[in-house]
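Chains as they are written, first to last, in my numbering: chain A, 1 to 112; chain B, 1 to 114.
It should be emphasised that the hints constitute simulated quantities derived from the structure, not laboratory data.
A virtual CB, placed ideally from N, CA and C, is assigned to each residue, including glycine.
A few of these clues could be false.
[To be verified] Label pairs and their calculated CB-CB ranges:
{"hint": "1", "chain 1": "B", "residue 1": "G62", "chain 2": "A", "residue 2": "D97", "range": "19 to 27 Å"}
{"hint": "2", "chain 1": "A", "residue 1": "F10", "chain 2": "B", "residue 2": "S70", "range": "25 to 33 Å"}
{"hint": "3", "chain 1": "B", "residue 1": "T72", "chain 2": "A", "residue 2": "P83", "range": "32 to 40 Å"}
{"hint": "4", "chain 1": "B", "residue 1": "K69", "chain 2": "A", "residue 2": "T112", "range": "23 to 31 Å"}
{"hint": "5", "chain 1": "A", "residue 1": "Y99", "chain 2": "B", "residue 2": "Y61", "range": "18 to 26 Å"}
{"hint": "6", "chain 1": "A", "residue 1": "V12", "chain 2": "B", "residue 2": "R42", "range": "19 to 27 Å"}
{"hint": "7", "chain 1": "B", "residue 1": "N41", "chain 2": "A", "residue 2": "G3", "range": "16 to 24 Å"}
{"hint": "8", "chain 1": "A", "residue 1": "S84", "chain 2": "B", "residue 2": "R42", "range": "19 to 27 Å"}
[What the hints assert, rightly or not] Derived DMTMM-like pairs: lysine to aspartate or glutamate, alpha-carbon spacing no greater than 20 Å straight-line:
{"hint": "9", "chain 1": "A", "residue 1": "K71", "chain 2": "A", "residue 2": "D97"}
{"hint": "10", "chain 1": "B", "residue 1": "K77", "chain 2": "B", "residue 2": "D54"}
{"hint": "11", "chain 1": "B", "residue 1": "K49", "chain 2": "A", "residue 2": "D97"}
{"hint": "12", "chain 1": "B", "residue 1": "K77", "chain 2": "B", "residue 2": "D9"}
{"hint": "13", "chain 1": "B", "residue 1": "K58", "chain 2": "A", "residue 2": "D97"}
{"hint": "14", "chain 1": "B", "residue 1": "K49", "chain 2": "B", "residue 2": "E64"}
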Amino acid sequence: NAGVTQTPKFQVLKTGQSMTLQCAQDMNHNSMYWYRQDPGMGLRLIYYSASEGTTDKGEVPNGYNVSRLNKREFSLRLESAAPSQTSVYFCAIPGQDRYEQYFGPGTRLTVT
Amino acid sequence: AQSVAQPEDQVNVAEGNPLTVKCTYSVSGNPYLFWYVQYPNRGLQFLLKYITGDNLVKGSYGFEAEFNKSQTSFHLKKPSALVSDSALYFCAVRFFTGRRALTFGSGTRLQVQP
Chain A
1 NAGVTQTPKF QVLKTGQSMT LQCAQDMNHN SMYWYRQDPG MGLRLIYYSA SEGTTDKGEV
61 PNGYNVSRLN KREFSLRLES AAPSQTSVYF CAIPGQDRYE QYFGPGTRLT VT
Chain B
1 AQSVAQPEDQ VNVAEGNPLT VKCTYSVSGN PYLFWYVQYP NRGLQFLLKY ITGDNLVKGS
61 YGFEAEFNKS QTSFHLKKPS ALVSDSALYF CAVRFFTGRR ALTFGSGTRL QVQP
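Excised from the complex, chain B in its bound form (with noise of 0.2 Å):
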């Protein structure tokens, strides 16, 4: 069965450094893996998704993640971090084929301190 673990409940960092949120999955076939973030009391948004090709992956609001395959890992990273990326992260994946539902982690909350 495919799964998704993030071993951090809790990332604290101060700003203007850099970040790293980690996620390391488990999937029999090929994974298309995903990177959201929360928000208080908001839903869930989407920042950036692994599905082929390039291993670093760049998406919104200056993150990035890098999958790698040996590892099984696709870790969130952002070169310098900001007050307001303070918020709940989700790792998730999904499998090539099926019904396309999300399996997610269980969040990791950053907390960037000025």
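Next up, chain A with everything else stripped away, as it sits in the complex (with noise of 0.2 Å):
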């Protein structure tokens, strides 16, 4: 997963508490997207940014916030926790050829 970096790996959290998921790219891309993985319902879009300093809602943004303060990163808050987040978070960036999307590892969430 060369390209995207996304910290923590793991993360245990209890319902009301804050925490805020990092996303970092060394492929001077514009556009950074958030998707969430939930099993039986593939990946879905939360938000996206397609520039610095910009950013717009996908299909789950709920519950959630983000941040383009740079180029490099962009990064999804959870402002206050619940067990419906739970869930497995990747961040992606557009491909070689701008078609498909390159995913981080991800960060697997749960919240108890």
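Put the complex together from the two separate chains, hints included.
Right under this line is the structure:
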């Protein structure tokens, strides 16, 4: 998964706690994406960013905020975690020819 | 709205036999179609894509997929399955224009038995 790094790899939160998932890319792409993966539902888009300083909602944005302060980093914040946010979170950037997407290694989050 | 369906939760096949993982899509314009694979506790790896041109596209690890516009399908195939092909497979679609995010199917678990 060279090109996209995500931290942390694993996290356990209690309901109501907050945390920020970090994503960084070294491919100099304008676009970055956050997805969540749940069993039987594939990956669903939470938020995306077309360029530095811009963000837009995806399919499932409720309960999340994002920040794209520079071109390299795109963070996802859970202000008050809920058990329904237990999931695996993937950050993605455009692939080599910009049609496909290239995914980071993921963050496995459990909210109890 | 665009959508992707993978009608099979799991596909079982014997090693050495051909495999097919099904995908159908619903979009109002020209689709870009993709297949990804996810091995246990790993991220998603890109396998292949259809953008335009030849309906049969070849990808990584000996996989190929056939784009069928009349049946709105993009089935993943491999002539001879390997045990190491056992993984979770996702079909995805993207519009020609717009935010360029992917819409994924629910995934199909491929189990190849020795």
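Now for the hints, and whether the structure bears them out:
1. G62(B) <-> D97(A): 19 to 27 Å: Holds, since G62(B) and D97(A) (Cβ atoms, about 21 Å apart) stay within the stated range.
2. F10(A) <-> S70(B): 25 to 33 Å: violated, 46 Å
3. T72(B) <-> P83(A): 32 to 40 Å: holds, 37 Å
4. K69(B) <-> T112(A): 23 to 31 Å: violated, 47 Å
5. Y99(A) <-> Y61(B): 18 to 26 Å: holds, 19 Å
6. V12(A) <-> R42(B): 19 to 27 Å: Given about 21 Å between the Cβ atoms, the range holds.
7. N41(B) <-> G3(A): 16 to 24 Å: holds, 20 Å
8. S84(A) <-> R42(B): 19 to 27 Å: Holds: the Cβ-Cβ distance is about 24 Å, inside 19 to 27 Å.
9. K71(A) <-> D97(A): Between K71(A) and D97(A) the Cα gap is close to 19 Å, so the pair holds against 20 Å.
10. K77(B) <-> D54(B): Holds: K77(B) and D54(B) sit about 16 Å apart, inside 20 Å.
11. K49(B) <-> D97(A): holds, 11 Å
12. K77(B) <-> D9(B): Holds, at about 16 Å.
13. K58(B) <-> D97(A): Distance ~16 Å between K58(B) and D97(A) Cα, so the pair holds.
14. K49(B) <-> E64(B): The hint holds at about 9 Å.
In the structure shown, a violation is registered for the earlier hints numbered 2, 4, in ascending order.
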